[in-house]
Amino acid sequence: MADGEEKEGKEIEVTELHRKIKEAFEVFDHEANDTVDVREIGTIVRSLGCCPTEGELHELIAEVEEEEPTGYIRYEKFLPVMTSVLLEKRYRPISEDTLLQAFEVLDPAKRGYLSREELIKYMTEEGEPFSQEEMEEMLSAAIHPESNSIHYKDYLTMMVVDEN
Numbered sequence: 001m002a003d004g005e006e007k008e009g010k011e012i013e014v015t016e017l018h019r020k021i022k023e024a025f026e027v028f029d030h031e032a033n034d035t036v037d038v039r040e041i042g043t044i045v046r047s048l049g050c051c052p053t054e055g056e057l058h059e060l061i062a063e064v065e066e067e068e069p070t071g072y073i074r075y076e077k078f079l080p081v082m083t084s085v086l087l088e089k090r091y092r093p094i095s096e097d098t099l100l101q102a103f104e105v106l107d108p109a110k111r112g113y114l115s116r117e118e119l120i121k122y123m124t125e126e127g128e129p130f131s132q133e134e135m136e137e138m139l140s141a142a143i144h145p146e147s148n149s150i151h152y153k154d155y156l157t158m159m160v161v162d163e164n
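Going by our numbering, the sequence shown opens with residue 1, and the numbers climb by one from there.
Hints are computed from structural coordinates only; laboratory data are not their basis. For glycine and all other residues, C-beta sits at the position ideal for the given N, C-alpha and C. Hints may contain errors.
Straight-line alpha carbon distances no greater than 16 angstroms define the calculated EDC-like cross-link-like pairs of lysine to aspartate or glutamate that follow [unchecked claim]:
no.: 1; residue 1: Lys77; residue 2: Asp34
no.: 2; residue 1: Lys89; residue 2: Glu40
no.: 3; residue 1: Lys89; residue 2: Glu76
no.: 4; residue 1: Lys77; residue 2: Glu96
no.: 5; residue 1: Lys20; residue 2: Glu56
no.: 6; residue 1: Lys110; residue 2: Glu125
no.: 7; residue 1: Lys77; residue 2: Asp29
no.: 8; residue 1: Lys77; residue 2: Glu63
no.: 9; residue 1: Lys121; residue 2: Glu134
no.: 10; residue 1: Lys121; residue 2: Glu68
no.: 11; residue 1: Lys77; residue 2: Glu136
no.: 12; residue 1: Lys77; residue 2: Glu40
no.: 13; residue 1: Lys153; residue 2: Glu88
no.: 14; residue 1: Lys89; residue 2: Glu13
no.: 15; residue 1: Lys22; residue 2: Asp34
no.: 16; residue 1: Lys77; residue 2: Glu26
no.: 17; residue 1: Lys89; residue 2: Glu56
no.: 18; residue 1: Lys153; residue 2: Glu66
no.: 19; residue 1: Lys10; residue 2: Asp29
no.: 20; residue 1: Lys77; residue 2: Glu59
no.: 21; residue 1: Lys153; residue 2: Asp97
no.: 22; residue 1: Lys20; residue 2: Glu31
no.: 23; residue 1: Lys77; residue 2: Glu66
no.: 24; residue 1: Lys121; residue 2: Glu136
no.: 25; residue 1: Lys110; residue 2: Glu67
no.: 26; residue 1: Lys22; residue 2: Glu96
no.: 27; residue 1: Lys10; residue 2: Glu88
FRET-style restraints, in silico, Cβ to Cβ [unchecked claim]:
no.: 28; residue 1: Asp107; residue 2: Gly55; range: 43 to 51 angstroms
no.: 29; residue 1: Glu96; residue 2: His58; range: 20 to 28 angstroms
no.: 30; residue 1: Ser95; residue 2: Gly42; range: 15 to 23 angstroms
no.: 31; residue 1: Lys89; residue 2: His144; range: 29 to 37 angstroms
Work out the full structure: start from the sequences and follow the hints.
Okay, structure coming up:
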């Protein structure tokens, strides 16, 4: 591919990313003044297919916040940072295989499921603990109401982000 074609392809990609970022930002720009509440940044970033940790999200917010934080993020500061994040493919979701391996570690008997109680224990006592709200949200999506357990292969199929 010639350099000119490659450059043109990159410009088209950037233009498309800018359109997606603008659309996601505008959903939360309730005043139509090119600002959003800082608390919405995580939702915007995740809607663009990124899965940052809470720590990474705080770093991203620090990058786009004003010198004197106002509680709002301006589009003009958000756009170049988010464009860079998307072009560099930062905060990519974990692969389905990796998630399956993690669940299998928690299920040494290889039953293919975890009980509600086991899941709550792991979510609150291991690693970065889930907040009560996060836990309730996950349980409502993950736990099968009749068996009161999570059949993790089914759950992974439902929750994995399609990269295309």
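Results of checking the hints against the structure:
1. Lys77 with Asp34: holds (10 angstroms)
2. Lys89 with Glu40: Distance ~21 angstroms between Lys89 and Glu40 Cα, so the pair is violated.
3. Lys89 with Glu76: Distance ~21 angstroms between Lys89 and Glu76 Cα, so the pair is violated.
4. Lys77 with Glu96: violated (33 angstroms)
5. Lys20 with Glu56: Given pair Lys20, Glu56 is violated - Cα atoms ~21 angstroms apart, limit 16 angstroms.
6. Lys110 with Glu125: violated (21 angstroms)
7. Lys77 with Asp29: holds (14 angstroms)
8. Lys77 with Glu63: Status holds; Cα separation ~9 angstroms.
9. Lys121 with Glu134: holds (14 angstroms)
10. Lys121 with Glu68: violated (40 angstroms)
11. Lys77 with Glu136: violated (34 angstroms)
12. Lys77 with Glu40: holds (15 angstroms)
13. Lys153 with Glu88: Since the Cα atoms of Lys153 and Glu88 sit roughly 30 angstroms apart, the hinted pair is violated (cutoff 16 angstroms).
14. Lys89 with Glu13: holds (13 angstroms)
15. Lys22 with Asp34: The hint holds at about 9 angstroms.
16. Lys77 with Glu26: holds (14 angstroms)
17. Lys89 with Glu56: With a Cα-Cα distance of about 14 angstroms, the restraint between Lys89 and Glu56 holds, given a limit of 16 angstroms.
18. Lys153 with Glu66: With a Cα-Cα distance of about 43 angstroms, the restraint between Lys153 and Glu66 is violated, given a limit of 16 angstroms.
19. Lys10 with Asp29: violated (28 angstroms)
20. Lys77 with Glu59: holds (14 angstroms)
21. Lys153 with Asp97: OK: Lys153 and Asp97 at ~10 angstroms, within 16 angstroms.
22. Lys20 with Glu31: With Cα atoms ~19 angstroms apart, Lys20 and Glu31 exceed 16 angstroms; violated.
23. Lys77 with Glu66: holds (9 angstroms)
24. Lys121 with Glu136: holds (13 angstroms)
25. Lys110 with Glu67: Judged against 16 angstroms, a Cα distance of about 52 angstroms means the pair is violated.
26. Lys22 with Glu96: Not OK: Lys22 and Glu96 at ~29 angstroms, beyond 16 angstroms, violated.
27. Lys10 with Glu88: It holds: about 13 angstroms lies between the C-alpha atoms, which stays within 16 angstroms.
28. Asp107 with Gly55: 43 to 51 angstroms: Since the Cβ atoms of Asp107 and Gly55 sit about 28 angstroms apart, the hinted range of 43 to 51 angstroms is violated.
29. Glu96 with His58: 20 to 28 angstroms: holds (27 angstroms)
30. Ser95 with Gly42: 15 to 23 angstroms: holds (22 angstroms)
31. Lys89 with His144: 29 to 37 angstroms: Holds, at about 34 angstroms.
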